[in-house]
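What follows is the residue order along each chain.
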Amino acid sequence: MKLYEYLAKEVFARRGIPVPRGGVASTPEEAEARAREVGGPVAVKSQVLAGGRGKAGGITFADTPAQAREAAERLLGTELKGLTIEKVLVEEKLAIRHEIYLGVAIDRSARRPLIIASAKGGINIEEIPEEDIVRRTVDVAVGVEPFVGREIVRRLGLDQAVGKQVADILARLYKVFRANDAELTEINPLVVVEGGRVIAADGRLNVDDEALYRHKELPYVEERTGLEKKIHDLGVSYVALEGDIAVIANGAGITMGTLDTLMYYGGRPANFLDAGGGTGSDEMAAAISLLLETGPSAFLVNIFGGITRCDEVAKALIQARQASGADVPFVIRLVGTNEAEGHRILRENGMEAFRSMAEAAQKVVALASSRASAAS
Amino acid sequence: MKLYEYLAKEVFARRGIPVPRGGVASTPEEAEARAREVGGPVAVKSQVLAGGRGKAGGITFADTPAQAREAAERLLGTELKGLTIEKVLVEEKLAIRHEIYLGVAIDRSARRPLIIASAKGGINIEEIPEEDIVRRTVDVAVGVEPFVGREIVRRLGLDQAVGKQVADILARLYKVFRANDAELTEINPLVVVEGGRVIAADGRLNVDDEALYRHKELPYVEERTGLEKKIHDLGVSYVALEGDIAVIANGAGITMGTLDTLMYYGGRPANFLDAGGGTGSDEMAAAISLLLETGPSAFLVNIFGGITRCDEVAKALIQARQASGADVPFVIRLVGTNEAEGHRILRENGMEAFRSMAEAAQKVVALASSRASAAS
Amino acid sequence: MAIIVDESTRAVVQGITGHHGSFHTGQMLAFGSAIAAGVAPGRAGQSVHGVPVYDTVEAAREAQDINTSVIFVPAAFAKDAAMEAISAGLKTVVVITEHIPVHDAMELMSLAEREGTTVVGPNTFGICSAGTCKLGIVPNQIFSVGGIGLVARSGTLTYEIVASLTADGLGQSTCVGLGGDRVAGLDFVRVLRRFKDDPQTEAVVMVGEIGGTAEEEAAEYIKTEFNKPVVAYIAGKSAPPGKRMGHAGAIIERGRGTFQSKVEALKAAGTAVAELPWEVPGLVRSALAV
Amino acid sequence: MAIIVDESTRAVVQGITGHHGSFHTGQMLAFGSAIAAGVAPGRAGQSVHGVPVYDTVEAAREAQDINTSVIFVPAAFAKDAAMEAISAGLKTVVVITEHIPVHDAMELMSLAEREGTTVVGPNTFGICSAGTCKLGIVPNQIFSVGGIGLVARSGTLTYEIVASLTADGLGQSTCVGLGGDRVAGLDFVRVLRRFKDDPQTEAVVMVGEIGGTAEEEAAEYIKTEFNKPVVAYIAGKSAPPGKRMGHAGAIIERGRGTFQSKVEALKAAGTAVAELPWEVPGLVRSALAV
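Chains as they are written, first to last, in my numbering: chain A, 7 to 382; chain B, 7 to 382; chain C, 1120 to 1409; chain D, 1120 to 1409.
Don't read these hints as lab results, they were simulated from the structure.
Quick caveat: nothing in here was measured; it's all calculated off a predicted structure.
Errors might be hidden in some of the hints.
In the BS3-like style, the derived pairs of lysine-lysine whose C-alpha atoms are separated by at most 30 Å in a straight line are [unchecked claim]:
hint: 1; chain 1: A; residue 1: Lys235; chain 2: C; residue 2: Lys1362
hint: 2; chain 1: C; residue 1: Lys1362; chain 2: A; residue 2: Lys126
hint: 3; chain 1: B; residue 1: Lys61; chain 2: D; residue 2: Lys1362
hint: 4; chain 1: B; residue 1: Lys181; chain 2: A; residue 2: Lys222
hint: 5; chain 1: A; residue 1: Lys235; chain 2: A; residue 2: Lys8
hint: 6; chain 1: A; residue 1: Lys235; chain 2: A; residue 2: Lys222
hint: 7; chain 1: A; residue 1: Lys181; chain 2: B; residue 2: Lys181
hint: 8; chain 1: B; residue 1: Lys170; chain 2: A; residue 2: Lys222
hint: 9; chain 1: C; residue 1: Lys1386; chain 2: A; residue 2: Lys61
hint: 10; chain 1: D; residue 1: Lys1210; chain 2: A; residue 2: Lys170
hint: 11; chain 1: B; residue 1: Lys369; chain 2: D; residue 2: Lys1362
hint: 12; chain 1: A; residue 1: Lys181; chain 2: B; residue 2: Lys222
hint: 13; chain 1: A; residue 1: Lys8; chain 2: C; residue 2: Lys1362
hint: 14; chain 1: B; residue 1: Lys236; chain 2: D; residue 2: Lys1362
hint: 15; chain 1: B; residue 1: Lys236; chain 2: D; residue 2: Lys1356
hint: 16; chain 1: B; residue 1: Lys87; chain 2: D; residue 2: Lys1362
hint: 17; chain 1: D; residue 1: Lys1362; chain 2: B; residue 2: Lys181
hint: 18; chain 1: D; residue 1: Lys1362; chain 2: B; residue 2: Lys126
hint: 19; chain 1: C; residue 1: Lys1356; chain 2: A; residue 2: Lys235
hint: 20; chain 1: C; residue 1: Lys1362; chain 2: A; residue 2: Lys236
To give an idea of the chain D side of the interface with chain A (calculated C-beta under 7 Å), a few residues [said to hold, decoys possible]:
hint: 21; residue: Pro1160
hint: 22; residue: Gly1161
hint: 23; residue: Asp1174
hint: 24; residue: Thr1175
hint: 25; residue: Glu1181
hint: 26; residue: Asp1199
hint: 27; residue: Met1202
hint: 28; residue: Glu1321
Restraint-style ranges between C-beta atoms, simulated for each label pair [unchecked claim]:
hint: 29; chain 1: A; residue 1: Gly29; chain 2: B; residue 2: Gly163; range: 51 to 59 Å
hint: 30; chain 1: D; residue 1: Gly1401; chain 2: B; residue 2: Gly163; range: 23 to 31 Å
hint: 31; chain 1: A; residue 1: Thr231; chain 2: B; residue 2: Arg103; range: 51 to 59 Å
hint: 32; chain 1: A; residue 1: Asp138; chain 2: C; residue 2: Asn1346; range: 18 to 26 Å
hint: 33; chain 1: A; residue 1: Gly22; chain 2: C; residue 2: Ala1195; range: 25 to 33 Å
hint: 34; chain 1: B; residue 1: Tyr219; chain 2: D; residue 2: Asn1259; range: 27 to 35 Å
hint: 35; chain 1: A; residue 1: Ser362; chain 2: C; residue 2: Gln1260; range: 18 to 26 Å
hint: 36; chain 1: D; residue 1: Lys1362; chain 2: A; residue 2: Gly163; range: 49 to 57 Å
hint: 37; chain 1: A; residue 1: Thr231; chain 2: C; residue 2: Ala1195; range: 26 to 34 Å
hint: 38; chain 1: B; residue 1: Gln325; chain 2: D; residue 2: Ala1149; range: 28 to 36 Å
hint: 39; chain 1: D; residue 1: Asn1259; chain 2: B; residue 2: Lys8; range: 40 to 48 Å
Backbone N, C-alpha and C fix where the C-beta goes; we use that ideal spot for every residue, glycine too.
For reference, chain A alone in the conformation it holds in the complex (with noise of 0.2 Å):
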């Protein structure tokens, strides 16, 4: 889950991580009064779960709490990068000197938290070359003691003044990815502001999905679209994609697999569906119905029976064809534990049953083109 920038800064507020002063505004008139609240001029910055909102124009600044009121105005309600600004966070504008990245991220391969340091901040952490990165696992049994951030602002080359304020808000960085199961937190830019203060004029906190049940405390931001988050409720994972043929398989090795031979014979999936191994016969039958509300051209179903039997995947398939009442073409590969009972229930059932992946593949492809030139 991802954390809008103001609820970020919330979180690192209070951890003592210094953020500009400021609110957050959901209409104009809101907005003037954060401004007004702020004196002088501020950022008036919209609120989407998306990168490089500056070049994207949605980030504007404000002299007056009126220019601030017309700037919410103009951004409020309209769509940045596909998604629609509900609000819009307005802040003491800062007056910039330099500009450092510091992040907190998983290193997979250490199986630890790596904390990403860089002395040229300010633009995507991926454009900064690489020798100007500092990177550093943690010991989770250790955490980040105040050495390990001496040695980073050593490495960036800070002075002592603005290196003893990065080590500290480093050090508090790292608490809140711990405290808050974090996938990914970042500061960018963490500026030095004229006087030397060092602040946080940017946040992202990406906290694990699997740990949200421990953070009740974190507001709960829905990134799912509805049918999204219909099927998520069912157990199941889905990613919409843009093409016509809807895809079920048991596994998410074995549904990526399924996308990928269908677009090797030309096919083009609508979507990822990984109905897992323990979904059970009503789960599927909700999920292929939540599908075939998309208007897929034909259906693509790709079992391998281990634990579970074939004949009772093909009992669940019927009934679920049969509930929805769609008229689309299934096509289904069953392999596994009673495959042959299962492919004589699909067969009487109407269905086409197959063994082999590149059959059932290159047949549901040859289906959907058929759909798709009888409907033009």
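Got chain A sorted already, so can you dock chains B, C and D onto it with the hints?
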């Protein structure tokens, strides 16, 4: 620093450890009020930093608020185990079914925290047979995960319902230990009351003196007498003993060795005073003055000059003695860097100077006993 | 021989009384795995498929000869269960549980590293040495004994490939499920190191997927140190960046871990890469024939 | 030979610009110790007695060949400094600082154990291998080279005994200060193990004191495994129970660690126990003569 039971229980309660309902009282009237708030029979417990309060008559029971006031009247202001009772804790009287011991201490050999538990609580842990005690060290990098509690309650042979509560309390007690820089924390007894609830009926929390600087949130409990406090404030270690010969040496080991030597030759040390390796001459002079106020019959100073130069030590001793103006004989053993010069200075100023610990000890014992016989 | 689990493995099942734990204990026993004990707090004295149940791993260890654990407890309690197994001195811990918070996984791996424990998973189908010991949820009937080692990030796709190998007469030594999460106890390189020293293993099949850089690291290892033929299949060619494909691990993030970079690295290391899953047995035969 | 520090030791002094750090750097250099670098955050580029100063241990390590640290930083920062040295890969860390909170010491030892680092102290006079390397605050002039190893919990008492050995013509191999705190990196047994393997050391003098059970554990080790003569002196015979005698460690608590139990255990292990400190050289001569 040892916390009074009522303070330890406040810390426990903040960490979610169940404690009896009640509160502390400094006057009989307050005790009556506390008993009224509790409702029903109460225990009135003297708040002194000593064990075995029950046996010594420091804990009484009262059925009514009036009886609680009377009990407090009897206890407050009197002495228990040599300590004045300034407060009593008035708590609900528990219907005890079973008493458990639970503690966290430091295992020196393992260099780790040590959990100690017994299903035979209520008495001093030293009196519990070894086979009834469960011990387990904790890796500070991991802490007490739930499985540790499950294993310990299994070894204690507790039933499922009680065991779950005890395991939970153990995890919390460990957090009390770690978060408060404790040397020792104990719940004895941890009681199972009628109905099966588990409650901390007593509480001990001894905080590491060296870590007090980071626990400003804890109330300061002064355990030292006036003189101990004055000498401690000079930065030296001081323990009052029963004898008549005041002793100063530089280093804990050499000071103990000096006391041992003194006793070997029949002397009785009045104190342990380790002036340390780095104590300045001003502090040493101040410490000598304070010791002289205790009226010793003689003074033994034992200095091994390593980094410190013997001539400087000699000068400091002369100054200190002159400033005090007391008539107590000084015997000084001085060896190390610039030894000859140090001895010359001392002798010129009429102070006995030795190179051998044995001779110095014998001399001071002789002087002390002659003064004692002269006085009698 | 085989790796990690074999005829000397004597396992405890943590969470044995739960739905999955109980069912798969039956399956593991049917495979022939030595399941010597189960753990379920508060259930001491019960038995599941004839396997005695204890309250804690230490209790199980006092009563039974065990050296390995397989964990089926729910995600919120899995870290604790795994730490219990590690602290009790078990040398291998197989964590089947999925949806474990990634910080729990990091804490767990930190302890395992310190104690020298091998962790398989989490979110894995488990591990199976054909003919001797299966710990996990992979189907029993797909295996046959032979010289092909498998190491995979995802489950069903691997069953598919194992079944195709068996159908083609290519038996297996050990099949290791790394698990689909971002933080896991094993990775391709760690498993390849073991296959290198295993006389039974003649060739290795790697089943990778997009996300992370474990396949690229494996390619580097294969190039410089590995001494047996490797065939790979990488899933996720068609996956769009930034979208999580089921597994927490299967996501192309910040330009890292693309299908293209993995395939190129492996090919550069001399590894045959199958374009479609069913091409694997043929490529293995070709590699062995060289 | 000698143990822990010797002619191969190249040290960094953490807290080199402080009062004690600076003074004792001079003393250690005068002894002949190889002090290659100093660390004081924010002081990079300065030098102390000709020793170059760096901001961090890693910076010192990049610039100089160092393998050991000696720490003089104030108590509140000592854990951090020691962890820095351990994390930078130094193999021995000597913590002179006193008044370190005991929980800091436990955290430090947990890390040191994991990384395989030897910690001397905290609250120690340091360690000195006669003729080659002294790290700490023990006076330079009391040592002479020879075959007597010393291991002690307290400082000045040990200087006294070292000086008496030197005066008696009994030179020393290494003199190790365990430190006066309850939680320390070394104990008698750990040091005896090293003396056992050190060809230079012919006999060992143990300077113990009341409190804890380290002397009793040493007696057990001497009885069963140690192969050289041992002479002990135990301070604190006259100490009352429950009172802390200067050292955080020197306290008789809960009936454990009494003078009597230590002396009896050592005597039962065949160790000569001196009743008074100056008896040590004579007992050493007798022990060597057997």
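If you test the structure against every hint from before, which numbers come out violated? 9, 25, 28, 30 and 32
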